[in-house]
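The listed protein sequences derive, respectively, from chains A and B.
Under my numbering, the first residue of the first sequence carries the number 1, and numbering increases by one thereafter.
Under my numbering, the first residue of the second sequence carries the number 1, and numbering increases by one thereafter.
Hint data in this document are derived by calculation from the structure and do not stem from the laboratory.
Note that beta-carbon positions come from the ideal geometry of N, C-alpha and C, so glycine has one too.
A few of these clues could be false.
Said to hold, decoys possible - Restraint-style ranges between C-beta atoms, simulated for each label pair:
(1) B/Asn242 with A/Arg450: 40 to 50 Å
(2) B/Asn128 with A/Ser140: 46 to 56 Å
(3) B/Gln235 with A/Pro348: 30 to 40 Å
(4) A/Leu249 with B/Gln235: 45 to 55 Å
(5) B/Ser411 with A/Glu311: 50 to 60 Å
The residues making up each chain are set out below.
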Amino acid sequence: MAHRVGSTRYRFGVMVGLLTGVIATFAAASPAAPRDQDKGDAAIPQVAFINQEIRNQWQEYQINPSPPASAGEWCRRVYLDVLGRIPSVEELEEFTSSRDGDKKAKLVSKLLYDEKYTEEYARNWTTIWTNILIGRSGGSERNSLTSREGMQKYLRDSFARNKPYDRMVYELVTAKGSNRPGTDNFNGAVNFLAMKVNEENATLATAATAKIFMGLQVQCTQCHNHPFNEWKQQKFWEFNAFFRQSRALRRYAEGTRDVIGAELVNQDFSGEGNDASDAEIYYELRNGLLKVAYPVFVDGTKIERSGYVQEVDRRDELGKLMLQSEYIDKMIVNRYWAHFLGYGFTKPIDDMGPHNPPTHPALVDYLGEEIRKNSYNLKELIRWITLSQPYSLSSKINSSNEKDDPLLGELPKFSHFYLRQMRAEELYESLMVATKAEETGGGSYEDQERAKAQWLSQFVLAFGNDEGDETTTFNGTIPQALMMFNGDMVRRATGSDRGSFLWEVAHDANMPAKKKIEFLFKSGLARKPTSAELGIAQKLMMARLNDQGPNNKKPDLTKAGIAALQDVWWAVLNSNEFIINH
Amino acid sequence: MAIPQGMNRRHFMSHLAGASAMTVPALTFGNAIRANAQELKRNRKSAIMLWMSGGPSTMDLWDLKPGANTGGPFRPISTSGDVQISEHLPMTAKVMDKLAIIRSMSTREADHGRGRYYMHTGYVPNPNIEHPSYGAVISHETIDQRPELEIPPFVSVGGGSVGPGFLGMAWAPFTVNSNGQIRNMNMGMDQRRLMQRMAALDMIESGFIKQNRGSAAADHEKILKKTLNLMTSEQMRGFRVNEEPADVLERYGDNNFGKGCLMARRLVETGVPFIEVDLGGWDMHQNIFTTLADQRLPVLDRAMSALVEDLDQRGLLEDTAIMWMGEFSRTPRINGNTGRDHWARSWSVVVGGAGMNGGIAVGNTNSDGTKVETEPYTSQDVMASICKALGISLDTTFTSNNGRPMKIANSGKVIKELFA
Chain A
1 MAHRVGSTRY RFGVMVGLLT GVIATFAAAS PAAPRDQDKG DAAIPQVAFI
51 NQEIRNQWQE YQINPSPPAS AGEWCRRVYL DVLGRIPSVE ELEEFTSSRD
101 GDKKAKLVSK LLYDEKYTEE YARNWTTIWT NILIGRSGGS ERNSLTSREG
151 MQKYLRDSFA RNKPYDRMVY ELVTAKGSNR PGTDNFNGAV NFLAMKVNEE
201 NATLATAATA KIFMGLQVQC TQCHNHPFNE WKQQKFWEFN AFFRQSRALR
251 RYAEGTRDVI GAELVNQDFS GEGNDASDAE IYYELRNGLL KVAYPVFVDG
301 TKIERSGYVQ EVDRRDELGK LMLQSEYIDK MIVNRYWAHF LGYGFTKPID
351 DMGPHNPPTH PALVDYLGEE IRKNSYNLKE LIRWITLSQP YSLSSKINSS
401 NEKDDPLLGE LPKFSHFYLR QMRAEELYES LMVATKAEET GGGSYEDQER
451 AKAQWLSQFV LAFGNDEGDE TTTFNGTIPQ ALMMFNGDMV RRATGSDRGS
501 FLWEVAHDAN MPAKKKIEFL FKSGLARKPT SAELGIAQKL MMARLNDQGP
551 NNKKPDLTKA GIAALQDVWW AVLNSNEFII NH
Chain B
1 MAIPQGMNRR HFMSHLAGAS AMTVPALTFG NAIRANAQEL KRNRKSAIML
51 WMSGGPSTMD LWDLKPGANT GGPFRPISTS GDVQISEHLP MTAKVMDKLA
101 IIRSMSTREA DHGRGRYYMH TGYVPNPNIE HPSYGAVISH ETIDQRPELE
151 IPPFVSVGGG SVGPGFLGMA WAPFTVNSNG QIRNMNMGMD QRRLMQRMAA
201 LDMIESGFIK QNRGSAAADH EKILKKTLNL MTSEQMRGFR VNEEPADVLE
251 RYGDNNFGKG CLMARRLVET GVPFIEVDLG GWDMHQNIFT TLADQRLPVL
301 DRAMSALVED LDQRGLLEDT AIMWMGEFSR TPRINGNTGR DHWARSWSVV
351 VGGAGMNGGI AVGNTNSDGT KVETEPYTSQ DVMASICKAL GISLDTTFTS
401 NNGRPMKIAN SGKVIKELFA
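Pulled out of the complex, with its shape left as it was, chain A reads as follows (with noise of 0.2 Å):
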């Protein structure tokens, strides 16, 4: 486990130490300079493939990428990409000191298939998808058919044993069953499409399963063709089809009006023609015209048209035809490539219709390729794109590629790893693991779960419509910023109690002052402080002195240092570069 600090006390030889101003013996902290300069590919095609694709383009742009990263950068990058959270002191050291020219192979394998990280591999996918699925504030609606709960259970059962990607699709497009977990005929699944079939003729399950699956952006051709879409009104309607015999049926508290649960069931469906054989739906031109439409794929492919569930189940025939499209391949690339290097190769990410062509078109072809011959696996995807050259490249900026930079509205080239700010649940995990607070409390992973929640719910705005959009405040604001100063969660991360992690670290014997100093700066930022930061930090030691007055003769030297902790502590976590991930 990650490492431990013993009890004795705070030893006043080391305290003297930093009063004395020993700090210029200790500065030898350099910045780690860009090591492993391989811009190998592991022995693995996909990865060849990646960056050969790559290069042309910076050879086509003229363009040096920059240096690779530093290897506690990489490390921590890798650990906040797959784990949700940032390394432990004890796991980015493994790491740094490793002198196997095989090292980051070897990390990224651990951290997808090694038991130990199952848990986390499966907790991060989870919290990722649940929002892509129902959004930051799916299942918090009054009286709502969404149990987050549900469809967490659901997901994290499903990454946890690695389920095929393609198997999850048509799970979450097919599901029938009760939504919450300990009930009857129990499926997480149905939870994706629980809310968004019952009302408006399932146009949300319609535009929701259009764009996270197949990256169709659909939701404007409902009412009329769109100017710069490929999609017809006409296909909205057929793809709208396969969904309308999917009812939500409500399930209340006893004796009440109350909802606890709902079951997604699939009912025969008699159409608008009241007619179950050729069960048609209609929908409105422009113009006022009325048309008909039965269930077609965007492929063209036509199926039965008995609405009646005995001899046609529209949902599982979507949902066998969304897997034999490329659409699916192409999506998920896609994802996971903005997922890993901040930026898709599309933007939005899943709008990538005919009208809005990749920025790597061979690239995207070809790893959608290579996920369907795997099997879907998704690890082998993060595997791929985590051992490339662009996910292994620094952040800092050169002369030659300061023009790849999206947030100019260049295409995005990868030539530099793109800053990005932690989402609120990388932050909550992070602290977690930084401050070793899963140790102490916790409780069930339902109450771990319930209390992130409550704590990510202060950061979640609902825009006012049926849709269910929302945005986030966590988003590089000053409420953020107040949080992060003041909130309680980085009070308790930067708390002194006894027991605490500052404590501990206050009170280990086998840590000198200056070490301790390390041992923060590893724990959040993965890198040793500069001689200036030990410098301050040895300033607000002797601030803390100070405070317990002037001409104090005895002074509490563990009680300063416990301080002088908590204040470099507290600067660390509230830097730009604990939160940005680089």
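Following the hints, complete the assembly by docking chain B onto the known chain A.
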């Protein structure tokens, strides 16, 4: 401990530059800028946007078509101005002499996200560039009129706004809840220690910025400084709607939107140039008429009328523009669920204050509300008109971060009737 009173943040910040702050045993937090209230109010322009998230059915509020098959059940009533509005807005009717209805809005975005963006920025969404919204533009252009302002110039009550785009995170909306309690304001330590912490933070922060990794690093630092300003400012009182007497709150309505409008008034008085107040729940695909009559309109009516009244009474209305709008409106045709769907082709927005003509309707729609019959106006035109009212030059050009020049309000044209 409480927020320190009367601290001068410029003085404060100047001590954060380096470790020298450490050796200063105690800093004085005196010398607060106490600007002359009268002087501040002169020439200080502000704007309030009442944002109706979800797309309000304007033909049931501002442009009624009684008797038409699209008209719905609501009756028009007379107002203090030369216009008629819905019977469910009786209090607003009394202040319509101060407001103008633009009945000839015709836009093309009928998707929530796109419409929200378009109506807030004057631009249609473009994947390669993010345009600044009203709040960012107006605070950017009027910030020099209020050197004393210590709190964010762009406040969004209840959320739902659009961001600062290429103007940068420094112009992002400060999003608050309508209760006016800002979370995490309490430092829990004395200022001297906070400053010392800030000095350590500043070292890490600027070290990272110097490594040239992209603009996000420096943006973070700007927000830190703004946050520190805010934590130590007396102007935060502007947010505390609960300090208002009960009868005032009652006039606005004791609900989120009512409190939001009251807060908007307080913030204008404090010197904040742009406040957006969100009222959601207009996406009425079903049961539109009962929902309007029983839920949305009473809330809107109280708050909007009280806001106009108060601004007028305090002499603030002549320097404060008010806008009422949503992302689009709703179909004249009433659907099978007694609802109306999304519609952008012919609809209304309401503006007033800051010298714009009141009591009028600009333009008109045809007899069933499906078509604009006069010169159609767009989001750009509304934005250009608001800028003109606030004294912001329409020749203002921004340089977007890809170096392209961008005319303010997307070169919209001023709606003449508002100024004639």
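Structure-based check of each hint:
no., hint, in the structure
1, B/Asn242 with A/Arg450: 40 to 50 Å, "violated (30 Å)"
2, B/Asn128 with A/Ser140: 46 to 56 Å, "violated (34 Å)"
3, B/Gln235 with A/Pro348: 30 to 40 Å, "holds (38 Å)"
4, A/Leu249 with B/Gln235: 45 to 55 Å, "holds (53 Å)"
5, B/Ser411 with A/Glu311: 50 to 60 Å, "holds (58 Å)"
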